[in-house]
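Starting from the given sequences, assemble the full structure and let the hints guide the process.
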Amino acid sequence: MQNLLFLIPLLPFIGFLINGLFGKRISKGAVSLVGCAMPFLSFGLAMLTLKGVPLSQNVFDWITVGSFSVSFGLKVDELSRIMLLVVTGVGSFIHLYSIGYMKGDKGYARYFSYLNLFMSAMLVLVMADNLVLMFVGWDGVGLCSYLLIGFWFEDLKNADAGKKAFIVNRVGDFGFILGMFLLYTLFGTLNIDGLSEFSDDGWLGNTTLTVATLLLFLGACGKSAQIPLYVWLPDAMAGPTPVSALIHAATMVTAGVYMICRLGGLFIFTPFTMDVIGVVAGATALYTAVIAIAQTDIKKILAYSTISQLGYMFMAVAAGGFDTGIFHLTTHAFFKALLFLSAGAVIHALNGEQDITKMGGLRRQKGMGFIFAVFLIGAIAISGIPPFAGFFSKDEILTKLYTHSQLDGGVVFGPARSVGEMLWLCIWISALITALLTAFYTFRLIFIAFFGQCNLPEDKLHHIHKPDWSMKTALVVLAFLSIIGGIFGGAIHYKGMLPDEGHTLNLILSLVAAFGGLLLAFILYIPKKDWVKQFTTSTAFGRAVHKVVSNKFYVDEIYDIIIVTPLKLLAFVLWLVVDRAIIDNLFVNGSAAASQFMSGRARKLHTGIVNMNAIIMAIGIILILIYLALRVF
Amino acid sequence: METNIVFIVCAVVSVVSAILVVTRRNPVYSALFLMLCFVAFAVLFLNLNAYFIAAMHMMVYTGAILVLFLFVIMLLNLKKEELGKEYGFGNKLLLSFLCMLLFTILAALVYGVGFAPAKSLPSRFGSIEAVGNAMFSDFVLPFELLSVLIIVAMIGGIILAKRKL
Amino acid sequence: MTKYIILSAALFSIGTFGVLARRNILIIIMSIELMLNGVNIALIAFARQYADTTGQVFVLMVMGVAAAEVAVGLALLIAMFRNKKTVDTGDLTMLKE
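Residue numbers (the numbering used here), protein chains in the order written: chain A, 61 to 693; chain B, -4 to 160; chain C, -14 to 82.
Heads up, a few of these hints could be off.
Said to hold, decoys possible - Here are some of the chain C residues that sit facing chain B, going by a computed Cβ distance under 10 angstroms:
#1 S(-7)
#2 G0
#3 N25
#4 G75
By construction, these hints were calculated from the structure, which means they are not laboratory data. Predicted, not measured: the structure shown is a model, and the values here were computed from it. Yeah, the Cβ is synthetic: ideal placement off N, Cα and C, and Gly gets one too.
Okay, structure coming up:
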C-alpha cells in the first residue's frame, strides 16, 4: 500500500484528463462513468489505508536548489486519514449526485473534468508532507473553485463571482506564502515532520514564529472564509449546487482548518495567535449567523451557515482542541453536504427557483416528500439536536471552549479572572448564542419553504418531480451518515472518559440552545400572524435593522469603496499615463519619430554627384594619414 | 643613388608635365603630356638600375595604354562644345589645397627618416634574368593571378562595350 | 633616396588633384595612371636601396593591374557615352536619392 499512495490523487487527475480532452467525443454515459469511477476508486484505496500504520511515500524529488530541497512526498497519518476518507467519500457521492443534477447541461464533460481536477488537487493538499506541495494543492483547489463557480460563465454575474473568489483567495495565499518564508528562515525546512519535531520549549512566544503563524492564519482565512476574507463565499453560490456542496461546504473551505491542525505543533507555541484565531472565529460565527437570519435565497442561507460553522471549527482549534475541530469538520461535511444537495433537489424540482419567500407548503406537494425528509434530517443534524451528528461535535466544542476559559477551575463569573480567561469566556458565550441562531435560521428556512401556504405559480407547480436515482442515492447515504456519524465519533473519542462538571453544564446549555432556536422559529413563523413581517415593516427601527442585516451589513459595498475602487483607479491611471503616454508615445512612437527625423536629414547626403564621393574619400584618407603621422611623431 | 643631373631633369620634366596633364582642357593634349611624363619615368627607372622594368614601362604604358586612350578619344570624336563644363576656379583652388596637404603629410612622414647608404648591388641587378628568376621562383602565384586578372579584364571590356548585349 | 620618395609623393598628389578636380572622365582615368606611376617610382627606389628584386617584380604586377583597369574603365566610358552622349561626370546623377 505504501507504494500505491500516489494513485490516490493520480486517479482523479487521469479522470480530469480523459474527460477534459475527450469529453466532447465520448458518450455522456462514458463521461459519467469515468468521472465517478475515479473518486470511488480513490475512496477504495483510502479505505485500504485504515490499517492504522502511518504511511508515507516519496514519489519523486521535485526541487533541489543548493541546500533547499522539496520532494513530492505523500503522507497518511491519523489526521490525513480522516480528511482523506471525508474528501473521497463525500466527494464520490457528490459526483454521483451530479450525474442526475447536471443531466442535459451542455458543459457536462467539462463539469466532470473540473470536478475531478478539484478532487486531485484536494487530495494532494491533504496528503502532502511538506508545505510547498500543500500550497500546490491549495492553489489547485482555488483554481478549480474559480472554474466551477464561473461554470455558467455566459452570465456575467457568475464569472464575476468566480473572479471575486479567486482574488480574495489570493490575498490569503499571500499570507500563506509569507508564513512559509518565515518558517523556512526559522527552521530551515518546510517538511511537516521537520516542523513538528522540535520539543525545545524556548520557542514559546517567539515573535517571529507568532508573525509566521498569524500569516498562515491569514491564508486559512482566505480559504476558509473568516473575517475579513469571507465575502467570496456567498457569491460563490452562483455555481452549480453540487459544486457548492463539495467545495464550499465539505472540502475546500475546510482546508484552512486542516492546515492549522497539521501544523498544530507550531501553533501550540504561539498562544497569542491562538487567541487571535479564537476572537476572529467567534466574531465570524456570530456575525454570519445574524446575517443568515435575514436572507431569502436558500443557498445564501446555507452559505452563511457554512461560514458560521467554519468559525466553530476554528474556535475549537484555537482552544487547543485539534481533534475536536476535525470531528466537527467531519460531521459538518455530512450534514452540510446533505443540506446543499437537498436544496439542490428543491431547486431542480422547482426549475431554478431559489427564493424561499416564493416557495411555501412544499411538504404537501406530490413528489417532494422524500426531499422534505432528507432536508429535515439535515436541519436537525445542524441544529445540534441529539442523537444526530451535529449534537456531539457541537457539544464537544462548547465543552472545550468552556474548559479553556477556566484555566484554574472555578465557576462561571467567579472573581479574579485574567484577561485571557475573560476573552475565552466571551468566545464561549458567542458560540452558545451562535448555536441558538443556527437552529433558528435553519428551521426558519424549513418553516418558510416547506410549511405554510404555497406561493408558487402554476407552471412551477406542474414541474415538480421526484429526484432521480443518482440524486436519491447520494442523499440517502449522506442522511444516514448525518444520523449515525456523531455517535460513532463521540463513542470513539470519549471512550472511557467520565463527564466532568463543565461537560454537564455545556450539555444542558447546548440542548437549551438547540431547542430554543427551534422553538423561536416555530413561534415566529408557523402561526398565521406574521410577527416578523410586522416588526420589519411597521416600526422605523425594525425597517432599519432589516435593511442592514439583509444587506449583509453592507460589507461588500464597504470593500468596494475602500479597496476595489482605488485599485481600479490606480489601474486606470497606470494605463493612461504609464502605458499609453509614456511607453507607447514616448518610447515606441518617439523612437520611431526620432529615427525618421534623423534619416530624413541623412538622406540629403545622397546628392548623386559622384565626384563628391571621391572628395569625401580623399578627405577621409588624409585624416587617417594625419592620425598615423601623429602617432609616428 | 647619388643626386645627378639625370634625376633632376627627369624629376622636373615629370612634375611639370604631370601638372600639365591635369590642367589641360582638351583630352588629346592631356594624353600627349602624359606620354612625355611616361618617358621621363622610363629614364628615371634606368637611372635606378631597373633596366628591364624601364623597357616594360615603355612598352606597356606608352605602347599600349596610351594608344588605347588615343583610340577612345578619337572614337568619341568630341567637338569643343561637347566637352562639357568644368568646375569653377574656387573649387579647384580648394581641392589643390587639399592635395597640397596630402603631399605635405606624405613628405613629412618620409623626410626625417635617415636611410642608410644604398647597398651594393649584385651584378646584373635589374636585368631580365634577375627579374625573371625572382618572378618565376618566389612570385609565381602573383604572376599567374595577374594573368587571370588580365583575362577577366579582357572579357569584361568586351562585354561592357558591346552595342547589344 | 628621400628625394625619390618625395617625387613619388608629389606625383601622387598631382594625380589626386586630377581625379577630384576634373569633370572629364578621360582626364580622370589619366590621372589615375599618374598616381599608379608615382607608386611605381617609389617601389623601384626601394628596390634599388635594399638591392632586392622584389620591388621590381611588384612594379610589374602594378603595371598589369593598371593596364587591366584602363581597359575596363574605357569600356565603361564607351558604354556610358552610348547612353548619355556625354563624358561629363556632372551628368551622372542617377544615384540621387
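| Hint by hint, which ones does this structure get wrong, listed from lowest number up? | none
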